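Taken in order, these protein sequences are the chains called E and S. Counted from 1, the first sequence has number 708 at position 176 by the numbering used here; the numbering is strictly sequential. Counted from 1, the second sequence has number 393 at position 221 by the numbering used here; the numbering is strictly sequential.
To be clear, the hints were calculated from the coordinates, so they are not data collected in a lab. Computed from a predicted structure; not experimentally measured. Be aware that a few hints might be false.
[What the hints assert, rightly or not] Simulated crosslink set (BS3-like; lysine-lysine; CA at most 27 Å straight-line):
(1) E:K579 - S:K372
(2) E:K735 - S:K384
(3) S:K469 - E:K599
(4) E:K600 - S:K386
(5) S:K384 - E:K745
(6) E:K600 - S:K319
(7) E:K745 - S:K395
(8) S:K407 - E:K735
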Amino acid sequence: MTCLPEKTDKKLGLLIDLNICVGCHACAVNCKEWNTSGITGPMADLKPYGDDPSGVWYNRIHSYEFKKENEADRAVYFPKSCLHCEDAPCVTVCPTGASLKRTEDGIVLVNPDVCIGCKLCSWACPYGAREYDATAGVMQKCTLCVDKIYDENLAEERRVPSCVSTCPAGARHFGDFADPNSNVSQLAAENDARDLFPQMETKPVNQYLPPVKREKHADKKLTEKVSTVKEALAKWAKLDFTG
Amino acid sequence: MHPAISVIIFTTFSGMGYGLFIWLCANILAGSGLSDDEIFSGTALSFILVSIGLISSTLHLGHPERAWRALSQWRSSWLSREGIMAILTYGPMVIIGGQAYLGVWSSSLVMPMAVLGILGSVVTIFTTSMIYASLKSIPAWHNVWVKIGYQAYALSSGGVAYIMIAGWQHFMTVVGLLVLALVVKIITWIYIDKHRGQYKREDALGLPDFGKAKPFEPAHSQKNYLQREMGYELKSGRRALMRWLALGCGFILPAVMLYYGLPLAPVITLICLGGMMAERWLFFAEAEHVVGLYYDKDSV
């Protein structure tokens, strides 16, 4: 049923720390690796070795340059996948019931056996989280590795989405946002976590930690620190312990 | 948004079909003295236009053979509601057309059917408009003018088709409706032009307090589904040309030709339908999707 559940028991999702992400695309690659042979696979590629390769990815790594007055420019790597929104517009527009939000954990999924491939859900999503598989004629999206996170054959620490387990920088966290004591809820509460595009009123479950704010004239402060260290070293060199 | 021919035909043909059927039903109720032949050919044309539209709308589906499943989610989905209303509205259409064809005219059946026909058509057109107007992610569609517009263009283009079927009795009303629909179209364009750029890339990123963001490295080397489907680039010269074409053929030319009583109703109907297709092409081509903010658009 494409009506949204009033409340989900859990709110499973990702917390992505933009301050830590190095933009290596490993999460996107491992996502594809796991999911192409997972329950919603294959993730088709068209002309993979041609001039115009194109294919389905559940996770894409954008990168932006931010310019602000009186601050050095900064680069922000920006992984983007389905945010498993509480008010997911992609679910309610679905005419067939193929799109659904699970009551037990809030994961948004597409049932490929019911999807008619009308693409309206991808129009409704402000984030571009859904990509159409032209070979299968159905819509595809991030499943939060639903076939991995509940797999009791895996060691418990491996029961996280593949993008999280593969991140070499530790920029991605997985957990239950409905539980205020969970790792993700705690990190979100301590660190000014952000919704993407709050104006769209989708109530995303996934949260993003912004880059650390720079103090104004941070460069000057750094220079001051360096000269303090230099002075200290010079004193040590003279074995001068005064002050 | 990518202007796919299947959806352009869907909304323009079915719009004209329902508009024509509303005109027929209203005239049956008003006792305008339409002949059985006129009512039959009118309902038959409505039936054909609506059916071409609906069949066309299934052509872009990945799985047209599963289209019946689209009738199941009427509780939440405007697309589902549209499908159901379109099928229900066939009822009065077939009954009225069948009565006229067989020449067995039962007023006690046809009159309520005409009322239901008007209601069904208006609601179907509304559900069609809501498929688009409900999408917050596409600001050019997420406004009241889209809802008003779909009704106005259905009535004006259907009115032109009505003259072709049933003669010139109400031609001034149709001219008036064409002018009204033209005004609605122009207001819609003013509205969407004024509201362009309300969402910024920094909003989409959830980082409005870090200065101006611009992409410095693409997320992927080639265009993906999102850019092909949602990232249609309309050149400003093309926009002006298509806007004039839509106004000229959709409203102005039919209104002028009707006003001067040119005995070319089928030609006028075709010009009007062509103009509506230009209008609908623009409806898609002009509509920017906010996902562009993650790519090359600074604001939408």
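We went through each hint and held it up to the structure:
| no. | hint | result |
| --- | --- | --- |
| 1 | E:K579 - S:K372 | violated, 34 Å |
| 2 | E:K735 - S:K384 | holds, 24 Å |
| 3 | S:K469 - E:K599 | holds, 16 Å |
| 4 | E:K600 - S:K386 | holds, 12 Å |
| 5 | S:K384 - E:K745 | holds, 15 Å |
| 6 | E:K600 - S:K319 | violated, 41 Å |
| 7 | E:K745 - S:K395 | violated, 33 Å |
| 8 | S:K407 - E:K735 | violated, 35 Å |
Of the numbered hints stated above, those contradicted by the structure are hints 1, 6, 7, 8, listed in ascending order.
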